[in-house]
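J.: If you want the building blocks of each chain, they are given just below.
2 protein chains.
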Amino acid sequence: MEPSKNKTPLGEVVLEEVGELLRRHQLVEGLASRQETPRQGLVEGLIHKLHAVELQKKLDELHPADVAYVLEALPLDQRLVVWDLVKAERDGEILLEVSDAVRETLIEHMDEDELVAATENLDTDEIADLAPDLPREVMEDVFRSLSAEEREQLRSAMSYPEGTVGALMDFDMISIRDDITIEVVLRYLRRLDEMPDHTDQLFVVDRAGVLKGLLPVNRLLVTDAETVVTAVMQTELNRFQPGDKAHDAAQAFERYDLVSAAVVGEGGRLIGRLTVNTVMDYIREETDNDMLSAGGLREDEDLFASVWKSVRNRWTWLAVNLVTAFIASRVIGVFEDSISKLVALAALMPIVAGISGNSGNQTITMIVRALALGQITGANARKLFVKEIGVSVLNGLIWGGVVGLFAFFIYHSWQLGVVMTGAMVLALLLAAVMGVAIPLAMQKLGRDPALGASVMITAITDSGGFFIFLGLATVFLV
Amino acid sequence: MEPSKNKTPLGEVVLEEVGELLRRHQLVEGLASRQETPRQGLVEGLIHKLHAVELQKKLDELHPADVAYVLEALPLDQRLVVWDLVKAERDGEILLEVSDAVRETLIEHMDEDELVAATENLDTDEIADLAPDLPREVMEDVFRSLSAEEREQLRSAMSYPEGTVGALMDFDMISIRDDITIEVVLRYLRRLDEMPDHTDQLFVVDRAGVLKGLLPVNRLLVTDAETVVTAVMQTELNRFQPGDKAHDAAQAFERYDLVSAAVVGEGGRLIGRLTVNTVMDYIREETDNDMLSAGGLREDEDLFASVWKSVRNRWTWLAVNLVTAFIASRVIGVFEDSISKLVALAALMPIVAGISGNSGNQTITMIVRALALGQITGANARKLFVKEIGVSVLNGLIWGGVVGLFAFFIYHSWQLGVVMTGAMVLALLLAAVMGVAIPLAMQKLGRDPALGASVMITAITDSGGFFIFLGLATVFLV
Chain A
349 MEPSKNKTPL GEVVLEEVGE LLRRHQLVEG LASRQETPRQ GLVEGLIHKL
399 HAVELQKKLD ELHPADVAYV LEALPLDQRL VVWDLVKAER DGEILLEVSD
449 AVRETLIEHM DEDELVAATE NLDTDEIADL APDLPREVME DVFRSLSAEE
499 REQLRSAMSY PEGTVGALMD FDMISIRDDI TIEVVLRYLR RLDEMPDHTD
549 QLFVVDRAGV LKGLLPVNRL LVTDAETVVT AVMQTELNRF QPGDKAHDAA
599 QAFERYDLVS AAVVGEGGRL IGRLTVNTVM DYIREETDND MLSAGGLRED
649 EDLFASVWKS VRNRWTWLAV NLVTAFIASR VIGVFEDSIS KLVALAALMP
699 IVAGISGNSG NQTITMIVRA LALGQITGAN ARKLFVKEIG VSVLNGLIWG
749 GVVGLFAFFI YHSWQLGVVM TGAMVLALLL AAVMGVAIPL AMQKLGRDPA
799 LGASVMITAI TDSGGFFIFL GLATVFLV
Chain B
349 MEPSKNKTPL GEVVLEEVGE LLRRHQLVEG LASRQETPRQ GLVEGLIHKL
399 HAVELQKKLD ELHPADVAYV LEALPLDQRL VVWDLVKAER DGEILLEVSD
449 AVRETLIEHM DEDELVAATE NLDTDEIADL APDLPREVME DVFRSLSAEE
499 REQLRSAMSY PEGTVGALMD FDMISIRDDI TIEVVLRYLR RLDEMPDHTD
549 QLFVVDRAGV LKGLLPVNRL LVTDAETVVT AVMQTELNRF QPGDKAHDAA
599 QAFERYDLVS AAVVGEGGRL IGRLTVNTVM DYIREETDND MLSAGGLRED
649 EDLFASVWKS VRNRWTWLAV NLVTAFIASR VIGVFEDSIS KLVALAALMP
699 IVAGISGNSG NQTITMIVRA LALGQITGAN ARKLFVKEIG VSVLNGLIWG
749 GVVGLFAFFI YHSWQLGVVM TGAMVLALLL AAVMGVAIPL AMQKLGRDPA
799 LGASVMITAI TDSGGFFIFL GLATVFLV
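Protein chains in written order, with our numbering: chain A, 349 to 826; chain B, 349 to 826.
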């Protein structure tokens, strides 16, 4: 291959190319089924095969992650055409790369033998990742095909719940004894055909397998051959336990710029390692989930999921919002008498609720983020409250003033303007207090402060905003 | 150091410890200034110093990223106390780690000499990262202190705008010639005191400095010493140009599990490299910005920024929302007549607007995400439209039905219920169409589809929802 050619194809380009090949492929398929003359059918059949071969060749050249990307971007029928053209021995690595939703659609269309075959080229930690999506019979077959050691690893990898270090670790590491010389290490390595990916360091263990230190590969290369491992190994090290939160481990990787780290079990025995690529995938998934749940989507949705599946994916959020909307509606209902006397209130009330909702969401975004970074302690929580209250009062006076003038110019009533300004200040104050209090309370209760924070603050600022504005108006104007 | 001790202190623990030391430190400071007897003052002064020493010792032990984290979590006055206790030679690396907002507060409190000294231990690409925050005179001094080669690097690093590969690259790489043997490479490496961080591969160049391939360190270790570099180097490689989008490079790092990658200039000459830690920081910053802008915060806000600074950081979003709220208010204003005749409309209208806003936000979240992943092409955009319209009609019938029943039970009017259901279907349809159309249009116009998408869809569903519901009610009920 020409070395000056860039290996990284930009995603869109691949997608266009595959799409074009697919189009030709299916065009011919369409023709073949329509034109029934045997001879024409034969010709079309040949062209059809030609296109399939071309497409297959293209797919073979692609990195598994790129194939996964193409599969995710294709509607179901085309996705399955492409999936059938992928070489069977690559199925496993590609299944690992696609999103959960798309993986389901692919596995649904594979039979038992294909699925068992797909796992053959995978490591045990990778099989563990696929396991939840595989039928029971397939997993039993897979299990039987493994060695005793591999079974143990698979069992161990599957025993840790999602979101723990154990669920992310792999077993693909090189460990060396602490009492040998660098020369022995180098000789040992040279006997290996290749080293596992992301091997930036060797794990130094004692006779019992207890982790003693790390030998960075880079240090290995610049050290005299006669030196003993103990003399050059690093003993200050980041180590994790399989039950540790993956979130914390990810933070350590980001903070200390790690490429790999040891995972130790009871008594400090080395049992696996974490690598930066897995951690990066985890971070991506975590932030994706935050984004999706902020938008009210339960989970990652296949772009081409059926309408019914999508409706179910989204319904929780809509149901919750319906309830909060009903409550807000009843709050307004209480003041129907005032509204019928001064109908301007109906037109002005959404302004108060809307702006305080936005302001509350700003506060909550800040606080949730600071909590995720671990920046909030008992000591500074009070300072934050004071600051947010200050911001809300200032915002209330500024924007409340603008809103009051608006009300005055539209309805020519200075009393209405004053009530509007007062309501804005109070509603923003409510938003600020709740914007700080809700995530802190959720954290205290051991819940994820990001989850549903936005729904809750909006529910409160809606009902609260309507109540404050209509209440003040009823007391002072009606 | 005891090897079995975990080096990674969980952030919260560090913060508590430093906080405790600070509290003692300041307690004494407070005492010292209040009690004026000379002798007592002396004693207090000594204790004060003792605590400062203790705190300083603690800080010296911490990783720069941990110190940065502590600084970010402290209110301004305490932050500056801690900052003064940090050893001057560590200032540079810590400034690199703190957030932009906090960096500003620290730099503001350093004089010119301190700032120049802080850059002394930094690489040129790191100086380039700090440059925008440093005063002009400081940068001139720094420039004078550099060698000609370093000046060239600094100029080059500073010439690339944020969000490009050039702005993220460093110059800290090892390049070797393609015509030498592995033995020569190993000898060359052994002469180095240490290899740069994240050196998972050596860059192979020809006589003219043109990148020819990569020699993974792991392959170096398992290859015979007599082999020539060209025989074992990888020629299929990911390479970037300094003008490439950082977003695309980050996607390549995630997709192909890279640890480092070459950056080449004109004619394929090697000029720098990208490493996974920088890319990970970039991804974090990118997703953070998405989250902040989704919440309507212009930029990362110092948790303890002054009230006035926070107000300014948040005002754009509130101003935009005020405008859209005014428009919605005027839409309602048009129907004041209908509302005064049937006041139930005022209580029911926020339900229609609210639910369609939520549904629109769900659609837009999906589409923005798919666009960011490059999964949407001309070919599948129509399919997406059809799917989202299907989802919205189904949702409209389901939730519209619920809402209609609610209206019927509260106000005992089946006509009102029917209008409510009809309005929900239409409003959700509007939300779905706009939820797909807005991000696609933004993308076509070359704008970031994530930016302001949520504000726009909410503005449309608010005004649209009020208009549809009140319009239908006016036609059929009033």
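Hints are computed from structural coordinates only; laboratory data are not their basis. Accuracy of the hints is not assured; some may be wrong.
Pairs count within a copy or across copies, as identical chains cannot be separated in the list.
[Stated by the list, open to error] Here are the simulated SDA-like pairs of lysine to any residue, each with C-alpha atoms no more than 25 Å apart in a straight line:
id, residue 1, residue 2
1, LYS792, GLU368
2, LYS657, ILE455
3, LYS657, ASN625
4, LYS435, ASP461
5, LYS435, ASP408
6, LYS689, LEU793
7, LYS435, TYR604
8, LYS689, LEU444
9, LYS689, PHE674
10, LYS689, LYS731
11, LYS397, SER523
12, LYS435, ASP636
13, LYS560, GLY616
J.: Are the hints correct? Go through all of them and say.
T.: Hints, verified against the model:
Within a single copy, LYS792 and GLU368 get their C-alpha atoms only as close as 54 Å, which misses the 25 Å cut-off; across copies the closest is 21 Å, which meets it. In the homo-oligomer, the alpha carbons of LYS657 and ILE455 lie at most 25 Å apart inside one protomer (17 Å), although the nearest pairing across protomers, at 53 Å, exceeds that limit. In this homomeric assembly, LYS657 and ASN625 never come within 25 Å of each other (Cα to Cα): the closest approach is 31 Å inside a single copy and 38 Å across copies. For the identical chains of this complex, LYS435 and ASP461 are intra-copy neighbours only, at 14 Å inside a copy versus 63 Å across copies, given an alpha-carbon limit of 25 Å.
Taking the shortest alpha-carbon separations for LYS435 and ASP408, only the intra-copy value of 7 Å comes in at or below 25 Å, while the best inter-copy value is 55 Å. In the homo-oligomer, the alpha carbons of LYS689 and LEU793 never lie at most 25 Å apart, since the shortest distance is 45 Å inside one protomer and 48 Å across protomers. In this homomeric assembly, LYS435 and TYR604 come within 25 Å of each other (Cα to Cα) only across copies, at 19 Å, whereas the closest approach inside a single copy is 40 Å. Within a single copy, LYS689 and LEU444 get their C-alpha atoms no closer than 64 Å, and across copies no closer than 61 Å, so neither meets the 25 Å cut-off.
Taking CA atoms no more than 25 Å apart as the test, LYS689 paired with PHE674 passes in both settings, with 23 Å inside one copy and 22 Å between copies. Taking the shortest Cα distances, LYS689 and LYS731 never come within 25 Å of each other, neither inside one copy (44 Å) nor across copies (49 Å). For a Cα distance limit of 25 Å, the shortest separation of LYS397 from SER523 qualifies neither inside one copy, at 49 Å, nor across copies, at 46 Å. Proximity of LYS435 and ASP636 under a CA criterion of 25 Å is satisfied in neither setting, with 30 Å inside one chain copy and 39 Å between copies.
In this assembly of identical chains, LYS560 and GLY616 lie within 25 Å of each other by CA distance solely inside one copy; the values are 9 Å within and 44 Å between copies.
Of the numbered hints stated above, those contradicted by the structure are hints 3, 6, 8, 10, 11, 12, listed in ascending order.
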